[in-house]
Amino acid sequence: MANALTPILLFGLVLTGWLSLGLGSVPVSVTAGLLDWLQGIQSREAMIVAEVRLPRTLLAVAVGASLGLSGAALQGLLRNPLADPSLVGASQGAALGAAAVFYFGLFAAAGSLSVALGGLLGAMLALLLMLGLAGTGTPSLMIMAGLAIATVTSALLAVVLNFAPNPYAMQELVFWLLGSVAERGLDSLYILLPSLLIGGSLVWLQRNLLAGLSLGDKVAQSMGLNVIAGSRLTVLGAAILVGAAVSVAGNIGFVGLLIPHLIRPLVSHRPDRLLVPSALAGGMLVCVADMLVRLLPPGQELKLGVLTSLLGAPLFVWLVFKERRKWL
Amino acid sequence: MALIAVKDLYLPKRLEHVSLQLDDGELLGLIGPNGSGKSSLLNVLGNVINAEGELTMQGEPIHALTDLERARQIGLLPQEAAVFWSLLVEDVVALGRLPWRDNDSAMINEAIDKAGIRQLLGRSVDRLSGGERARVWLARLLAGAPRVLLVDEPVASLDIHHQLSVMDVLKQHAIPGQGVIVALHDLALAARFCDRLCLLHEGKVVAIGETAEVLTEDILFRTYGIKVEVDLERSPPLVMPA
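For the protein sequence lines, the chains are A and B, in the order given. Heads up, the first sequence is in the working numbering, so the first residue is 1 and it goes up one at a time. Heads up, the second sequence is in the working numbering, so the first residue is 1001 and it goes up one at a time.
Be careful, since some hints might not be right.
Claimed, not checked - Quick list of simulated restraints, FRET-style, between CB atoms:
| id | chain 1 | residue 1 | chain 2 | residue 2 | range |
| --- | --- | --- | --- | --- | --- |
| 1 | A | I228 | B | K1204 | 25 to 35 Å |
| 2 | B | R1127 | A | L38 | 45 to 55 Å |
| 3 | B | D1102 | A | D187 | 40 to 50 Å |
| 4 | A | T6 | B | I1175 | 35 to 45 Å |
| 5 | B | I1226 | A | I228 | 39 to 49 Å |
To be verified - For the chain B half of the interface with chain A, some residues (derived, Cβ under 7 Å), not all of them:
| id | residue |
| --- | --- |
| 6 | G1046 |
| 7 | N1047 |
| 8 | L1065 |
| 9 | D1067 |
| 10 | L1068 |
| 11 | A1071 |
| 12 | P1078 |
| 13 | A1082 |
| 14 | F1084 |
| 15 | S1086 |
| 16 | L1087 |
| 17 | D1091 |
| 18 | P1099 |
Said to hold, decoys possible - Stretch-level coverage of chain A by chain B, calculated; a stretch enters the list once three of its residues show a Cβ under 8 Å from a Cβ in chain B:
| id | segment |
| --- | --- |
| 19 | 207-213 |
| 20 | 220-234 |
| 21 | 264-271 |
Hints were generated in silico from the structure; no laboratory data involved. C-beta atoms are modelled at their ideal positions from N, C-alpha and C, and glycine is treated no differently.
All chains, please: the whole structure from these sequences, using the hints.
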């Protein structure tokens, strides 16, 4: 099962992506649209498929993959199935950075990328503060430091909302925070894809550490793994992934927490084998959720982050019940 | 030549200038009251914590080895061994190959047979009894095929049957070219299985040598503060509080 899982998920992801390209208010042929676009033909199909739906689909997949992967990495590192990307403080830092852009109009020169840029800088700043605070500490100390930074940034975000210059600015900010991959444009991928590559590589290179840590810090250390440096690199990788995802798409809740949970039994609970399937499943989930958002009747749009939370919460309750049965 | 030699090992408040050596093919028992420094010593040898002092392996300074090379030579099984996920028995054993960065199934199978856990394959470790789990931890350690095993209190919570089976596995590893250092609280088990004993007290070596030299009523009274009855002529040897 574990060996077939990655190809199955990969196939599912490609299929989901294809369906997402075909889904919208205007029915078009995906194949024709993509072929026209690749040949540089300015047809209606090419416009709709390649310039509207392709960025949105790729964004949804990349955001989901980033969140799923970072969740799997953090849960493995902390050996805690409840660890969540927001624990390292990167999500909140990104949200604050983006809010600062809305509020002060920073990076106006970057145009549509200004919000994402602000978010990424915010995530990086939160991460540096967290690593500085944690020192050369253990993973649990890192989480405490991450929570401390997350609390501070959440408080500052509340201040920004409190003093929003006008109701429209506040509404824009709140909507952005609710999470969405709509109308982001291909530019956002220039931030997201390199971050996915760099953060993903950092995490992937530490897969032996994650496997070794399942036997405890001492055993991992005695098996020649560098626990302290490896833990920091894993947190760094996870923060880059989360920071980029949040800075581009706002808060997409539950993906980082839930996806590793669902995948874990399928990989015999091995934290190292959890990484790639979690990224693929995360991409698939966010892509499907975004398709649902588009399928809902037009009017007031349901935000993607709201939908993932609505879907994720009952699933989480079910997981609690499943866990409870084990103890009875 | 000594497999491992330690000279003047110092770790503030835990090890006070400890010197000892593990001979080739030897099962060396580390005994002493709680807090005497047994675990600290094993953790230093197992590269978990650093201490001042000289550490050599077959005459060569151990610091010349990289962490990975050292892990291939010396394997540690800590006292509070645990697994954090519901891993399968065979996956836990396979993790023992991490120092080699491979998945050598021949070595993994050999370790499974040495520890006698073939019947446990396919089961999740969190569904095993304490005795079964102890043997799975041992198999993980053996899968890396280290020359030297460092084992901290492997029988502390086991029934007498499993105590003997774990000690048998350790004894079988103590052949020429290899060696074992095991920390034990059960002095009778130590007398029965170990080639030599090292008695630690408050971070210092109180006595080291043949069983009969270390397990005397006088030395034990001075270390543990109670009268202990010792009969090493008996088979198996008897060492118990009077």
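Each hint, compared with the structure:
| no. | hint | verdict |
| --- | --- | --- |
| 1 | A:I228 x B:K1204: 25 to 35 Å | holds, 30 Å |
| 2 | B:R1127 x A:L38: 45 to 55 Å | holds, 54 Å |
| 3 | B:D1102 x A:D187: 40 to 50 Å | holds, 44 Å |
| 4 | A:T6 x B:I1175: 35 to 45 Å | holds, 42 Å |
| 5 | B:I1226 x A:I228: 39 to 49 Å | holds, 42 Å |
| 6 | G1046 | holds, 4 Å |
| 7 | N1047 | holds, 6 Å |
| 8 | L1065 | violated, 10 Å |
| 9 | D1067 | holds, 4 Å |
| 10 | L1068 | holds, 4 Å |
| 11 | A1071 | holds, 3 Å |
| 12 | P1078 | holds, 5 Å |
| 13 | A1082 | holds, 6 Å |
| 14 | F1084 | holds, 4 Å |
| 15 | S1086 | holds, 5 Å |
| 16 | L1087 | holds, 5 Å |
| 17 | D1091 | holds, 6 Å |
| 18 | P1099 | holds, 5 Å |
| 19 | 207-213 | holds (count 4) |
| 20 | 220-234 | holds (count 6) |
| 21 | 264-271 | holds (count 5) |
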